[in-house]
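Spelled out, the chains give:
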Amino acid sequence: DQQVKQNSPSLSVQEGRISILNCDYTNSMFDYFLWYKKYPAEGPTFLISISSIKDKNEDGRFTVFLNKSAKHLSLHIVPSQPGDSAVYFCAASARDYKLSFGAGTTVTVRA
Amino acid sequence: EAGVAQSPRYKIIEKRQSVAFWCNPISGHATLYWYQQILGQGPKLLIQFQNNGVVDDSQLPKDRFSAERLKGVDSTLKIQPAKLEDSAVYLCASSLGVYDRTDTQYFGPGTRLTVL
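Chains as they are written, first to last, in our numbering: chain F, 1 to 111; chain G, 1001 to 1116.
Worth flagging that the hints you see were computed from the coordinates, not collected in a lab. Where a beta carbon is used, it is the ideal one built from N, C-alpha and C, also for glycine. Possibly wrong hints are sitting among the right ones.
Where chain G lies over chain F, by a calculated footprint (3+ residues, C-beta under 8 Å) [unchecked claim]: (1) 89-96; (2) 102-109.
Chain G regions said to be covered by chain F (calculated; three or more residues, Cβ under 8 Å) [as the list claims (entries may be wrong)]: (3) 1039-1049; (4) 1102-1108.
Excised from the complex, chain G in its bound form:
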C-alpha cells in the first residue's frame, strides 16, 4: 500500500513570496490533515478535512494560509505571503475513517520550508 505522498520535499523562498505544498493521501482515506512542525516543537494541526469539507481550521492563519481538498482526494496548502516565522516542516497525514480517533493517522515525509 502506498503511503502519503508530499511534494516538494524542500523549498526555500524569500519572505513575502508565495509557496504551495501538495499532498496525496492514502487511497480511500476520508480524513486529511495538515500540520506545521516548527523546529524543536511537536506538530501543530493547521486544518482537517473530511472528504472535501473542512472539519477544523481554527489554528490556520487565514490571512495568509489557505488549503483546499479537491474531490476529496489530493490537497494543497498555500502560504501567501510568507513570513520568516513560517519556516517549518509541513506534514500531511490521512486516516481512514470519519470521526473515529482510534483511526491511525498516517503521515507523509513532510515539506521543509525555509523562508529567508
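Bound-form chain F, shown alone:
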C-alpha cells in the first residue's frame, strides 16, 4: 500500500522561479520526513529532512514545510536552477526507522 504519495509525476519550471513539490502521507505514525534527489544513472542523494516537532526547515535554496494536521509536506526550491533538474523523492519513517518512499516527481528547469 502506498503510504507516501507524490501525485504530480512531473513539474516544469522556468529558471529563477520557484519549484514547489508536494507529498502526502497516510500513516499517522510517520514523524520524520526526508527529500531525496536523483539524477539519471545515479542513486538518490539526501537533500533535506524535517522532524515532526518542526513545521519548517531551511537549507540554502531548499525549504521543506510540514503540515501534520493535513499529513502533507512540500519542498520549495528558490530560485530554481538548471542543475535542479532531477527526480525528487519524498520519504517518511516512523519509529521502526524504515523509509517509505513516494513514486517521485521529475522536475525540469527550463532556461
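Here the structure of chain F is known, so what remains is to put chain G in place on it, guided by the hints.
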C-alpha cells in the same frame, strides 16, 4: 571518500535464471540496505543489515530472494529463480550509525535488472 559501489550496473537474464548483485558500502558504515525500485515507483526496502545481522527482512520474498553480509562489510543479494516482475533497479545504501534514523542513507548507483 568513496561512495557505495555496486556491480554489475546492468544485467539481462531470462526468467527462471539466477542472478546476484554485489554491494560495497562506505567504509565504516554499520548499516546496509537493499532496495528494489520498480519503474514508476519509489524504492522499497527489501532487507536491512546492522553489521552482519539482519534487522528487517519483512519485505524480502524469501522463497526466491536471499541476501548476506559477510564480516559486516560487503553484501550480496541473490534472486533464484527470477520472475518477470523482478525487473527493477536494485539499490544498495549504507549509513554510519546504528538505530539512528537521522543518519543519512548513502545510495549506490544501482543495478538495473531486466528479466525476459
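Check of the region 1039-1049 of chain G against chain F for coverage (Cβ-Cβ below 8 Å, three residues minimum): holds (count 7)
Count the residues of the region 1102-1108 of chain G with a beta-carbon closer than 8 Å to any beta-carbon of chain F: does the count reach three? Coverage by chain F holds here, the residue count being 6 at a Cβ distance below 8 Å.
Closer than 8 Å Cβ to Cβ for three or more residues is the test here. Does the region 89-96 of chain F pass it with chain G? holds (count 4)
Just to make sure I understand the rule, a stretch counts as covered if three or more of its residues have a C-beta closer than 8 Å to a C-beta of the chain. Does the region 102-109 of chain F meet that for chain G? Holds, because 3 residues of the region 102-109 of chain F bring their Cβ atoms closer than 8 Å to Cβ atoms of chain G.
The structure fails none of the hints (numbered hints given earlier).
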